[in-house]
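Chains as they are written, first to last, in the numbering used here: chain L, 65 to 329; chain G, 5 to 291.
The set of hints was computed from the structure by calculation and includes no laboratory data.
Note that the structure is predicted; figures quoted are calculated from it, not measured.
A couple of the hints might just be wrong.
[Stated by the list, open to error] Listed next, the in silico DSSO-like pairs over lysine-lysine satisfying Cα-Cα at most 30 angstroms (straight line):
#: 1; chain 1: L; residue 1: K265; chain 2: G; residue 2: K78
#: 2; chain 1: L; residue 1: K130; chain 2: G; residue 2: K141
#: 3; chain 1: G; residue 1: K78; chain 2: L; residue 2: K246
#: 4; chain 1: L; residue 1: K265; chain 2: L; residue 2: K246
#: 5; chain 1: L; residue 1: K262; chain 2: G; residue 2: K62
#: 6; chain 1: L; residue 1: K262; chain 2: G; residue 2: K141
#: 7; chain 1: L; residue 1: K243; chain 2: L; residue 2: K262
#: 8; chain 1: L; residue 1: K262; chain 2: G; residue 2: K78
#: 9; chain 1: L; residue 1: K246; chain 2: G; residue 2: K141
#: 10; chain 1: G; residue 1: K141; chain 2: L; residue 2: K243
#: 11; chain 1: L; residue 1: K265; chain 2: G; residue 2: K141
#: 12; chain 1: L; residue 1: K243; chain 2: L; residue 2: K265
#: 13; chain 1: L; residue 1: K130; chain 2: G; residue 2: K62
#: 14; chain 1: G; residue 1: K62; chain 2: L; residue 2: K243
#: 15; chain 1: L; residue 1: K130; chain 2: G; residue 2: K78
#: 16; chain 1: L; residue 1: K262; chain 2: L; residue 2: K246
#: 17; chain 1: G; residue 1: K62; chain 2: G; residue 2: K78
#: 18; chain 1: G; residue 1: K62; chain 2: L; residue 2: K246
#: 19; chain 1: G; residue 1: K62; chain 2: L; residue 2: K265
[What the hints assert, rightly or not] Quick look at which bits of chain G chain L covers, simulated, 3 or more residues with Cβ under 8 angstroms:
#: 20; segment: 92-100
#: 21; segment: 110-120
#: 22; segment: 135-144
#: 23; segment: 155-164
Each residue gets a CB set at the ideal place from its N, CA and C atoms; glycine is no exception.
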Amino acid sequence: MSMLQNVTLGQYFPGTSVVHRLDPRTKLGLALAYIIVLFIARTGLSYSVLALASAGIVLLSEVPIKLVLRGLRPILMILSLTVVLHVFTSREGVELVSFWFIRIYSGGVIQGFMLAFRLVLLVLSTSILTLTTSPIALTDAIELALRPLRRFGVPAHELAMMMTIALRFIPTLLEEAEKIMKAQLARGADFESGGLLKRAKSLLPLLIPLFISAFRRADELAMAMEARCYRGGEGRTKYKVLAYSRLDLYAAMCFTAVGVVALAL
Amino acid sequence: MPIQLNNVSFTYSPGTPFERHALRGINLSIADGEFIGIIGQTGSGKSTLVQLLNGLIKPTQGTVRVGDVTTTDKGVRLRPLRQMVGLVFQFAEHQLFAETVAADIAFGPLNLGLDPSEIAARVDEAMLTVGLPLEMKERSPFELSGGQMRRVAIAGVLAMRPQVLILDEPTAGLDPRGRDEILTRIGALHRERGITVILVSHSMEDIARLVSRIVVIHEGEVLHDGPPREVFCSAESLSGIGLGVPQATEILRRLRLAGWNVPAVALTLAEAHGFIVEAWRERSGEA
Ligand SMILES: Nc1ncnc2c1ncn2[C@@H]1O[C@H](COP(=O)(O)OP(=O)(O)OP(=O)(O)O)[C@@H](O)[C@H]1O
Ligand SMILES: [Mg+2]
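Taking the hints into account, I'd like the entire structure generated from these sequences.
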């Protein structure tokens, strides 16, 4: 009966591992760099090196493997489709199977699995980033990363503030939704049976109170921010100042080494 | 609708880092027509406990039996159970959604599939029971005051005619007069209809004079369970968990510490007054 319990966003897994302690900017940058290397890499050997690196990071992060792999679930369909399409349509390499109308060539098999592997690594690297970095820290890092773009009119601070507020309130609203849902269930509401129209209508008793409370909260938050003299990003200092440590240097060095090796092979 | 909780535990988000044991090993049986106060500090598990009683959540361990329904049984039908066990949530005014007060109160009966004339009759009855004038029927619930909205929400549950009525902090955030009126009406409801009423509160003062049995929850466990007079005898253990006893009992306790010969417990100030006057007479008689 955990109705909304399984909806987690950002899926942050709190911890104190080396990976958790890295500066979010470092993690964001390294994840991007990893993805770039992943797309430049061509050979199976390069992929193996990158996969090993990923595995190492997962181990270091102390996040349960099960949780890391859960991130792959949504892309299972895409993965199988990629493999199937390549295996059955490619005409490269040696013919492996020739049966009725099915022809399978070695090139297709290799390509299919390589591509799927690349996708897996891509998703794993972003999962590790979001699993070990709290959403708030991540927004901070994004704000700093966007800051140079301010001169082109990108409202870096405002974007980050919007993201922070949205992230902060998603769990609150989910909790609220669960409460209202329970309250209506207690009055005999039925959210599950009936046709599409009936079901859409049955959501009204949930959505209306939820919107009302969201607006009320927005109002209160705006008031509270104003009462504490919020006036946008100009000249605003931070409570938690991001600071690089020696750890970030090590991480960057290790990563450069992995990248160079992966691309050289 | 006797209710029986057998060794019930409940854990939020089990198996995740956010795991939280809200209740552990609760044994409780509630007979028909009882008036029970559940009391405990913030976060002690009161709201979790009452949600178990109508199957909104199911125990992680143990069983909850209501009448002849066990909520954890396979294929159990929960909607009839929710009609029999009416639950008014904490801050129930946040659940209002309809365009008019009447439509909101009618939501529950409508879900029961009753016919319109019956629903209309129940709406009127429920409004009168909670003390809302019938002229308010066509008003929007969002134009009402907080206390009035709370009453609309309570009426919405009463209109389902539950045999067990559970109210989760029905007076939180109301002014003293609104609080007293709602409590008085709940007391009358219990007397007149003979239904089981379970009142959740974190204020001893509120429930001392109303209920016939108090269950004290502390950190997810039952700490005391008995008639108010019995429970209030353990003033030390109660104040140890930040609950305290009603003022009337507290006065007597201090007088006893000062060497006065008064009974240990009084539920209302009037009762305490009587005891003190008597003790005073006794003393002056001796002198
Ligand atoms: N939906 C939830 N998910 C996770 N933990 C929860 C949830 N609801 C309650 N808890 C936790 O379970 C414990 C008991 O909560 P509960 O709401 O039952 O307390 P309560 O006695 O009703 O408190 P209050 O007087 O504040 O209403 C608390 O520690 C709370 O943090
Ligand atoms: Mg509560």
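Hint check:
1. For the suggested pair K265(L) and K78(G), the alpha carbons sit about 29 angstroms apart, so the restraint of at most 30 angstroms is met.
2. Taking the CA atoms of K130(L) and K141(G), the gap is near 54 angstroms; set against the 30 angstroms cutoff, the hint is violated.
3. With a C-alpha separation of about 20 angstroms, the suggested pairing of K78(G) with K246(L) holds against the 30 angstroms cut-off.
4. Restraint check: the Cα-Cα separation between K265(L) and K246(L) comes to about 17 angstroms, which is no more than 30 angstroms; the hinted pair holds.
5. The straight-line distance between the Cα atoms of K262(L) and K62(G) is roughly 27 angstroms, inside the 30 angstroms bound, and the hint therefore holds.
6. Straight-line distance between C-alpha atoms of K262(L) and K141(G) comes to about 26 angstroms, which keeps the hinted pair within the 30 angstroms bound.
7. For the suggested pair K243(L) and K262(L), the alpha carbons sit about 22 angstroms apart, so the restraint of at most 30 angstroms is met.
8. Only pairs whose Cα atoms come within 30 angstroms are accepted, and K262(L) paired with K78(G) is accepted, the gap being roughly 27 angstroms.
9. Of the supplied pair hints, the one linking K246(L) and K141(G) holds, its CA atoms being roughly 25 angstroms apart against a limit of 30 angstroms.
10. In summary, the hint linking K141(G) to K243(L) is supported, as the alpha carbons are separated by about 26 angstroms, within the 30 angstroms threshold.
11. Distance restraint check for K265(L) and K141(G): the Cα-Cα separation of roughly 23 angstroms lies within the 30 angstroms cut-off, and the hinted pair is therefore satisfied.
12. A threshold of 30 angstroms between alpha carbons decides the hint, and for K243(L) with K265(L) the separation of about 19 angstroms falls inside it, so the pair holds.
13. Of the supplied pair hints, the one linking K130(L) and K62(G) holds, its CA atoms being roughly 26 angstroms apart against a limit of 30 angstroms.
14. Taking the CA atoms of K62(G) and K243(L), the gap is about 15 angstroms. The hint holds against a cut of 30 angstroms.
15. Note on K130(L) and K78(G): the hinted pairing holds, with a Cα-Cα distance of about 29 angstroms set against a maximum of 30 angstroms.
16. Straight-line distance between C-alpha atoms of K262(L) and K246(L) comes to about 19 angstroms, which keeps the hinted pair within the 30 angstroms bound.
17. The hinted pair formed by K62(G) and K78(G) meets the criterion: a straight-line CA distance of about 12 angstroms does not exceed 30 angstroms.
18. At roughly 13 angstroms between alpha-carbon atoms, K62(G) and K246(L) fall within 30 angstroms of each other, so this suggested pair holds.
19. Distance hint between K62(G) and K265(L) is fulfilled; the C-alpha atoms sit about 27 angstroms from each other, no more than 30 angstroms.
20. Requiring three or more residues with a Cβ within less than 8 angstroms of a Cβ of chain L, the coverage given for the segment 92-100 of chain G holds, as 5 such residues are present.
21. Counting residues of the segment 110-120 of chain G whose beta-carbon sits less than 8 angstroms from any beta-carbon of chain L gives 4, enough to reach three: the coverage restraint holds.
22. For a cut-off of 8 angstroms, the count of residues in the segment 135-144 of chain G with a CB near a CB of chain L stands at 0, and the three-residue condition is violated.
23. Counting residues of the segment 155-164 of chain G whose beta carbon lies closer than 8 angstroms to any beta carbon of chain L gives 3, which reaches the threshold of three, so the coverage claim holds.
The structure shown violates the earlier hints numbered 2, 22.
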